[in-house]
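Enquirer: Residue numbers (our numbering), protein chains in the order written: chain A, -14 to 164; chain B, 52 to 671.
FYI, nobody ran anything at the bench for these hints, they're computed from the structure. Source: prediction; values computed, not measured. Keep in mind that a hint or two might mislead.
[Stated by the list, open to error] List of simulated lysine to aspartate or glutamate pairs, EDC-like, C-alpha gap at most 16 angstroms:
id, chain 1, residue 1, chain 2, residue 2
1, A, K31, B, E344
2, B, K360, B, D283
3, B, K518, B, D478
4, B, K536, B, E472
5, B, K469, A, D8
6, A, K149, B, E637
7, A, K54, A, E86
8, B, K366, A, D45
9, B, K147, B, E159
10, B, K148, B, D283
11, A, K31, B, D592
12, A, K31, B, E637
13, B, K366, A, E158
14, B, K185, B, E98
15, B, K469, B, E456
16, B, K247, B, D411
17, B, K148, B, D497
18, B, K360, A, E160
19, B, K366, B, E378
20, B, K366, A, E86
21, B, K331, B, E344
22, B, K360, B, D310
23, B, K641, B, E603
24, B, K457, B, E493
25, A, K21, B, D434
26, A, K21, B, D435
27, B, K469, B, D409
28, B, K457, B, D497
29, B, K404, B, E378
30, A, K31, B, E378
31, B, K457, B, E472
32, B, K360, A, D162
33, B, K397, B, D359
34, A, K31, B, E585
35, B, K366, A, E160
36, A, K149, A, E86
37, B, K247, B, D409
38, B, K397, B, E456
39, B, K641, B, E619
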Amino acid sequence: MTALESPSNYFDMFSLPTSYDVDLRQLEHRYVNLQKQFHPDRYAGKSAQDQRLAIQYIADINQAYAALKSPLLRAQYLLSLAGVDASHETAVTRDMDFLMEQMSLREALADISDAADPFAELAELEQKAVASFNALQQEFAGHYAAGDLELASESLAKMQFYSKLLNEVEQLEHELDEL
Amino acid sequence: MVLLQISEPGQSPEPHQRRRAVGIDLGTTNSLVATVRSGTPETLSVEGESHLLPSVVHYGEEVLVGRKAMEFAVSDPLNTLISVKRFMGRGLEDVKKLGSRLPYEFRENSGGMPEFRTSAGDISPVEASAEILKLLVESGEQALDGGLDGAVITVPAYFDDAQRQATKDAATLAGINVLRLLNEPTAAAIAYGLDKGEEGIIAVYDLGGGTFDISILRLSRGVFEVLSTGGDSALGGDDFDRAVATWIAEQCGAGEDLDPSRQRSLLQAAREVKHQLTEKDVAPIEISGWRGEISRDLFSRLIDPYVDKTLRACKRAIRDAGISSSEIRNVVLVGGSTRTPRVRDKVAQLFGKTPLADLDPDRVVALGAALQANVLVGNKSGDDMLLLDVIPLSLGLETMGGLTEKIIHRNTTIPVAKAQEFTTFKDGQTAMSIHVLQGERELVSDNRSLAQFVLRGIPPMIAGAAKIRVTFRVDADGLLSVSAKELTSGVEAHIEVKPSYGLDDRQVAKMLKASYTHAKEDMQARALREQQVEAGRVIEDLSAALNQDGKELLSDTEYHCLEVALEELEAVRDSSDHRAIARHIEMVSKTSEEFASRRMNASIRRALAGHSLDEVERDF
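Looking at chain A on its own, in the form it has when it is part of the complex:
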């Protein structure tokens, strides 16, 4: 069977420029438009082939949309387009300040369960992590636009740390709820 001739670049799939700064409203709008046209529900009465093709295309669209929507995955994807595998935390930073910050945040997280008001402290930690993550997004965008992939990779590695930390915050919040 002939393959689908859908663009392989995620940005092209939504006719968007390949850049870290994505117009999220436009992305969502185009995503919904494609879904409205190609969602398997639209092909329910069609032949088995048409249904298969629609599922295949929409599965691609869903994957691309999820990658572009997420600040972290989008950065990973841009680097992968440039030939840098950034899906694992391979890049090691020598930024001492960051390493110190990393350690102190980890300690703070570990101590929270014993705190008098763990939820308040979690919220504070979360806020800090979100602020740092957002600042790193700016940093990444700058390095990437300037073509400095090494620095961009380092920003991404830091983003990955904060994203993981935020996941752990969420997990802990969930566990505290269960108590």
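Put chain B on the given structure of chain A with help from the hints.
Expert: Chain B in isolation, oriented as in the chain A frame:
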């Protein structure tokens, strides 16, 4: 420049006959069937009785379903199957965890699946569900005056792959053409959203007899986007009944080892108490000579552990949706168990607003399913409705050390396909065992084992040199298939994930055959009718496609080949040889494969070109 002709989306060139479709809510306690008439969804009465069909099957001299079956609940408990939905897609081990007091005798079949010992033989939960479905379909056929073209069947959003597959198997056994498995809270959101013109973020809290779902959705101009879903597929009003029954048993000094009949009457008394307490503050109890009463406060204390469990799932769903609870405009209550005042109060407290129950919480799921069925069967253009649903539980693989590597995360929009590469652990390793899992936990043993298969024929290489790409595909029903391929040699293995505790295709075929042994001609007639309908669909479809794009996308020879194949199919479609019809359908679809791809590619090109055009000054 030649201008392309594009018909209005969703409008087929020729109006076709109205098709018969229903939505079915296959519930733990009650089941319903609904259809759309004159644009409005309505539930249908079953066997001229109430719309709510008790999900009960009795196996005696004949198979009884519903209220008639219910009459045997206490007098003949072992042959009267109640709440079988709780056992769908589960292994005997899981079933034992559901509670020690189950008034059934089980046996384990070869696949590790529980079967009920009845006087009519061993019955699987899938077969019992099929009996319920058959009766619902009959009611649909009577109301619509003819055979059904298809049905949408709802499942709890939190059902895992095995439970979904079991539901689909039951539908196959009942002879239903399943248009889609639809998540219950999503169905409710459709009914709600379309009825009330609701926009914004809503939460659907769905507490049924045996399952609990919470879904957070964003509704925007007919787009129903599920942001997150959570729940427990073994938590519901049945648990309330059991808690009360245990309390009564303690009060009246009944021992632990009650016979099934006593268990049933205790459970029925408990249920009666629960219903009374939705209106009153105190309910009297009288059971085999013992008299007592239970207050609403005490009842609340008994059920609170279960209600609190649902609230924790709600909190997680809100977090997963990436929103704060203040952004939720409305909370919609679904499922009979949301009639319990304690549930309403606690839900209101958690979300900080009074939940809505304007639409009958027992019927709203079936109504939504009927609306979706009406669109999918082709009666109504789907332009004003788009459902973007998600998978409830992460899917992954076992890796070294008994750990789970997630491939597709929970709350990912479906359909979805995702691949990941793995490698060999030992030098010269020629086979790799692939263990497919579902769940959020890290340890394999804590997650649900869905299937296991082996990729053989990997050429011997040093450890870490082989590249095995495993691809997970989840379709629009939420069902998974997995394939594995060794990239350096091209060796491939593929399975439709047949859950460890489900039926395999052979078993389904055998059961189907068994149900027709009394009427062989029935089976023949059915096969013929199915093939004729399918042939009609293929002809209608391909003719329309040829008219629309044939001249443009095909060479004269290709066009001619397709025309010939179509004519041949036309010639046999009214014959009585269902095999010949099937053969020709197959031929047409083979011949038109390339055309289908080209059409799809042309539509994608048009869609991409249209991106910049459709956004002029549109506020989205």
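Enquirer: Check whether the Cα positions of B:K360 and B:D310 lie no farther apart than 16 angstroms.
Expert: violated, 30 angstroms
Enquirer: Under the criterion that the straight-line Cα-Cα distance not exceed 16 angstroms, is the pair B:K185, B:E98 satisfied?
Expert: holds, 12 angstroms
Enquirer: If you draw a straight line from the CA of A:K21 to the CA of B:D435, is it 16 angstroms or shorter?
Expert: holds, 9 angstroms
Enquirer: Does the alpha-carbon distance linking A:K31 and B:D592 stay inside the 16 angstroms limit?
Expert: holds, 7 angstroms
Enquirer: Are the Cα positions of B:K469 and B:E456 separated by 16 angstroms at most?
Expert: holds, 13 angstroms
Enquirer: Check whether the Cα positions of B:K536 and B:E472 lie no farther apart than 16 angstroms.
Expert: This hinted pair holds, its Cα atoms lying about 9 angstroms apart.
Enquirer: Please verify whether B:K457 and B:E493 have alpha carbons no more than 16 angstroms apart.
Expert: Roughly 9 angstroms between the alpha carbons, so the hint for B:K457 and B:E493 holds.
Enquirer: So if I understand the rule, the pair passes when the alpha-carbon distance is 16 angstroms or less; does B:K469 with A:D8 pass?
Expert: violated, 25 angstroms
Enquirer: Could you grab the alpha-carbon distance between B:K397 and B:E456 and see if it respects the 16 angstroms cut-off?
Expert: violated, 36 angstroms
Enquirer: Take the C-alpha atoms of B:K366 and A:E160, compute the straight-line distance between them, and say whether it is at most 16 angstroms.
Expert: Since the Cα atoms of B:K366 and A:E160 sit roughly 11 angstroms apart, the hinted pair holds (cutoff 16 angstroms).
Enquirer: Does B:E344 sit within 16 angstroms of B:K331, going by the straight-line distance between their CA atoms?
Expert: Given pair B:K331, B:E344 holds - Cα atoms ~12 angstroms apart, limit 16 angstroms.
Enquirer: Take a quick look at whether B:K641 and B:E619 sit within 16 angstroms of each other, Cα to Cα.
Expert: Measuring from Cα to Cα gives roughly 14 angstroms; hence the hint holds.
Hint compliance for this structure: hints 1, 5, 6, 7, 8, 20, 22, 23, 27, 30 and 38 are broken, all remaining hints hold.
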